[in-house]
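Take a look at the letters that make up each chain.
Number of protein chains: 2
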Amino acid sequence: MATHCVGLIGATGETGGSILQGLIQDGSFEIIALARPESLSKPANVALKDKGIQVRALDLEGSEQAIVAALKDIDILISAIAGSQQLVQIPLAKAAKVAGIKRFVPCAFATPMPVGVHQSRDQKEEIFNLTKRLHLPYTIIDVGWWHQFSFPRLPSGKIDYVVGFPNETVPGDGNIPTALTDLRDVGKYVARVIKDDRTLNKTVFVYNELWTQNRIHDLLEKLSGEKIPRKYTPAEKYEQKVDDVIAELEANPKDPVLRVKKVYNQYCLSVGIRGENTPEYAQYLGYLDGKQLYPDVKFTPYEDYLQEVVDGRAVGIYDEMRPLLFEALAEGD
Amino acid sequence: MATHCVGLIGATGETGGSILQGLIQDGSFEIIALARPESLSKPANVALKDKGIQVRALDLEGSEQAIVAALKDIDILISAIAGSQQLVQIPLAKAAKVAGIKRFVPCAFATPMPVGVHQSRDQKEEIFNLTKRLHLPYTIIDVGWWHQFSFPRLPSGKIDYVVGFPNETVPGDGNIPTALTDLRDVGKYVARVIKDDRTLNKTVFVYNELWTQNRIHDLLEKLSGEKIPRKYTPAEKYEQKVDDVIAELEANPKDPVLRVKKVYNQYCLSVGIRGENTPEYAQYLGYLDGKQLYPDVKFTPYEDYLQEVVDGRAVGIYDEMRPLLFEALAEGD
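Respectively, the protein sequence lines represent chains A and B. Residue numbers for the first sequence follow the numbering used here, so the first one is -16 and each next one is one higher. Residue numbers for the second sequence follow the numbering used here, so the first one is -16 and each next one is one higher.
Hints are not guaranteed to be accurate.
The list cannot tell twin chains apart, which means a pair is met if one copy fits it or any two copies do.
BS3-like mimics (lysine-lysine), calculated; alpha carbons at most 27 Å apart, straight line [what the hints assert, rightly or not]:
{"no.": "1", "residue 1": "K237", "residue 2": "K178"}
{"no.": "2", "residue 1": "K214", "residue 2": "K34"}
{"no.": "3", "residue 1": "K274", "residue 2": "K185"}
{"no.": "4", "residue 1": "K85", "residue 2": "K185"}
{"no.": "5", "residue 1": "K220", "residue 2": "K80"}
{"no.": "6", "residue 1": "K210", "residue 2": "K274"}
Don't read these hints as lab results, they were simulated from the structure.
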């Protein structure tokens, strides 16, 4: 098989970092990390270069011609940018068409959702729609809910060092299944998907295991020996929170705490109440099922991950965001 | 196989009429035509009743409870409503969910298109998105471009009696393939699609044959013995027309002539220039291909249809709209 040259945007981020590892471990790709010109000298990009990764400047605020030039020789273009930055992919997709990119992987890398229930998903859909207007070859990859954001605090506080969403709230009755993927496994799946002819011009759902919030709580109690309070929250409460936050955002549209609250509660409704982060709903939306495509991928079992957490061996993610998340979601919010 | 009860909205329209015939000929469905209360006594609905079709009142401006009651006993709900009426399907879809409809077929029945290039398509997409937010089982069916709208006038005027789009303009170089379906065949495909488990929660593209505009002109010249002027129009001209019409519509948003011009020129770009009415583009968008699903459907070959036209045996469609179309599209517009 011919070597594919992959251009990766966001290689120093959480999702992009996992993808970079997956591509490296796969071994069959030439990899070019694409970074903003002003970021080339940042430690994270210097570290990439030290690892032997080619890092190339890409200025998405530059001319189309310059963006096209930055995409030279790239076959597969993967965009793993921050949730709040989705629309910078507009010039990227247009340039990718001109550059003759053979497969564009726009930023998805989250849970399957319909249009109209989640702010940042809807922005991603704008990019998917633009991609299709351009007739640009694509693959959309969703990865479910991360292990790293899946579990509650312990009363002792001993796992606060890695807790992502610091609250005790359980959506609905806690028995809705949700597809979990270890962030570190995301790249393994992506490496498989992007060289697979079956996934060209398709939407693909990859994930490790299905868990319910009650089973997650049960497992964490078993592994930690602590009793975790469970506050079951009905759909109406989340809907009310979303409505309230939307109203508050009108006065303070850029307030980061409010934005996190909105996104979090929209996710609770989609994932925890309506059960949209499942293979069944993904299939209903037209996704290919990663379990059927890649039954042989060796992933981290959820139980192993949670043992790491309890043992103090887990690695935190979005560290710089954690204070914001604690502020936004503490006190049962 | 169990008999399915099909509720059909729009049974007295062009698409709905073909669907009704297809369902009757199939013979395996119980059929309920759903009509506005004030239309029940109209000749077209009386004629349905005289044929033994059950006609039931459905008031989409009524309460949800009343709409749900009107959907009683219906398994499959097909909506074939006018292009300008798409958003009345909002209460319909919500009630269909409550009523437990097993398969909702929202109004599509046109050419495959991406989001953001065609006004009435985008309204249809709003209904598709709502359907998916509701987790309502669905099948979306597109049928390509009708034979009945596919051919130009003859210089003699002898086929003006059935011409749909009265202009001599050929989009681009005239060599882009387009999927054509005889309106009378639409219902045959729909009858197959809606009882097929493979098409549940899928989008399906059915069509008869692929033709290019040049081949259509060639065939019509051969069958008629007349020479047809061909005015090739580049993409930029259509784009300019769309922009101009959008600007004009701002002053007169309800002007029917302007609306037809906009829809027509948007179709020319999609179908005639970008080649979106093809099995390849439909597959790219995620459609199942009707030719692969139903290779045995007996349809009207395009050549036979055009012979009917030249022989004076064809039946006109949208008769009441023809003066409007002639006004909107005459003089090369």
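For each hint, the structure was consulted:
no., hint, in the structure
1, K237 with K178, "neither (39 Å within a copy, 50 Å between copies)"
2, K214 with K34, "neither (46 Å within a copy, 60 Å between copies)"
3, K274 with K185, "both (15 Å within a copy, 20 Å between copies)"
4, K85 with K185, "both (14 Å within a copy, 26 Å between copies)"
5, K220 with K80, "between (44 Å within a copy, 22 Å between copies)"
6, K210 with K274, "neither (34 Å within a copy, 59 Å between copies)"
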